[in-house]
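Chemist: Each chain is listed here by its residues.
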Amino acid sequence: QQQVKQSPQSLIVQKGGISIINCAYENTAFDYFPWYQQFPGKGPALLIAIRPDVSEKKEGRFTISFNKSAKQFSLHIMDSQPGDSATYFCAASMLNGAGNKLTFGGGTRVLVKP
Amino acid sequence: KAGVTQTPRYLIKTRGQQVTLSCSPISGHRSVSWYQQTPGQGLQFLFEYFSETQRNKGNFPGRFSGRQFSNSRSEMNVSTLELGDSALYLCASSVTGNANTEAFFGQGTRLTVV
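These protein sequences, in sequence, are chains A and B.
Residue 63 in this note's numbering is what sits at position 63 of the first sequence, and the numbering runs on without skipping anything.
Residue 78 in this note's numbering is what sits at position 78 of the second sequence, and the numbering runs on without skipping anything.
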């Protein structure tokens with residue numbers, strides 16, 4: 001059972017454009033939602049994270065929007081740059097869960113064309 | 001500050017063999033988690049260790065096991081290797097292993113089973 005569904009699987013955006021990645025979760029016990037960025041040959045790196053008591057969080061060009069009632073959250077990359085070309089993963093976990101168990105979405109490969 | 005170190009970076013094993021992968025966490029981090037990354041299944045949680053105790057375990061067969069030493073270094077072992085075990089194995093360390101503390105990933109060990 002895929003508990004976190006991510007879309008699209010891939011997207012191409014022009015430099016300066018907006019990249020939007022969507023995720024939906026099923027388990028209402030999830031209460032922490034990080035996004036990870038992964039470059040080829042590297043491990044994932046934390047980009048930004050949000051808790052469900054906040055509807056939006058912005059860090060630089062990256063913004064998470066969160067809709068608790070719809071059990072959906074999304075990542076917006078504003079003014080996309082070629083250096084943003086990477087695979088992005090949404091994830092979910094439980095703050096009160098034992099151990100740091102992240103449930104990941106399937107990933108979105110983003111290509112920013114110059 | 002050194003990052004998470006995983007050794008070896010690449011491994012080729014024959015079906016039926018066993019393999020041991022190593023992870024050295026960031027200094028001061030007491031939690032180590034392991035993930036399997038494949039093109040088909042994405043990133044899947046294997047298990048998490050904190051202070052030498054396994055606190056959480058994913059849905060993997062008993063052939064997958066791990067341990068953590070008193071210096072927080074961790075190893076995972078896969079016995080009776082199957083072709084489907086070919087994957088990138090990632091470990092992540094964090095200070096406490098709580099969901100809202102950042103998990104830092106290593107570059108992974110690429111295991112190929114032939």
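Worth flagging that the hints you see were computed from the coordinates, not collected in a lab.
It is possible that some hints are incorrect.
What the hints assert, rightly or not - Cut-off 25 angstroms, straight-line C-alpha distance, at most; resulting in silico cross-link-like pairs (DSS-like, lysine-lysine):
(1) A/K71 <-> A/K57
(2) A/K42 <-> A/K5
(3) A/K71 <-> A/K15
(4) A/K15 <-> B/K13
(5) A/K113 <-> A/K42
(6) A/K5 <-> B/K13
(7) B/K13 <-> A/K42
(8) A/K113 <-> A/K15
(9) A/K68 <-> A/K57
Chemist: Please go over all the hints and tell whether each is borne out by the structure.
Modeler: Hint by hint, here is what the structure shows:
1. A/K71 <-> A/K57: holds, 16 angstroms
2. A/K42 <-> A/K5: holds, 23 angstroms
3. A/K71 <-> A/K15: Violated - the C-alpha atoms of A/K15 and A/K71 are around 30 angstroms apart, more than 25 angstroms.
4. A/K15 <-> B/K13: violated, 42 angstroms
5. A/K113 <-> A/K42: holds, 21 angstroms
6. A/K5 <-> B/K13: violated, 33 angstroms
7. B/K13 <-> A/K42: holds, 22 angstroms
8. A/K113 <-> A/K15: holds, 6 angstroms
9. A/K68 <-> A/K57: The hint holds at about 14 angstroms.
Against the hints set out earlier in the document, violations occur for numbers 3, 4 and 6.
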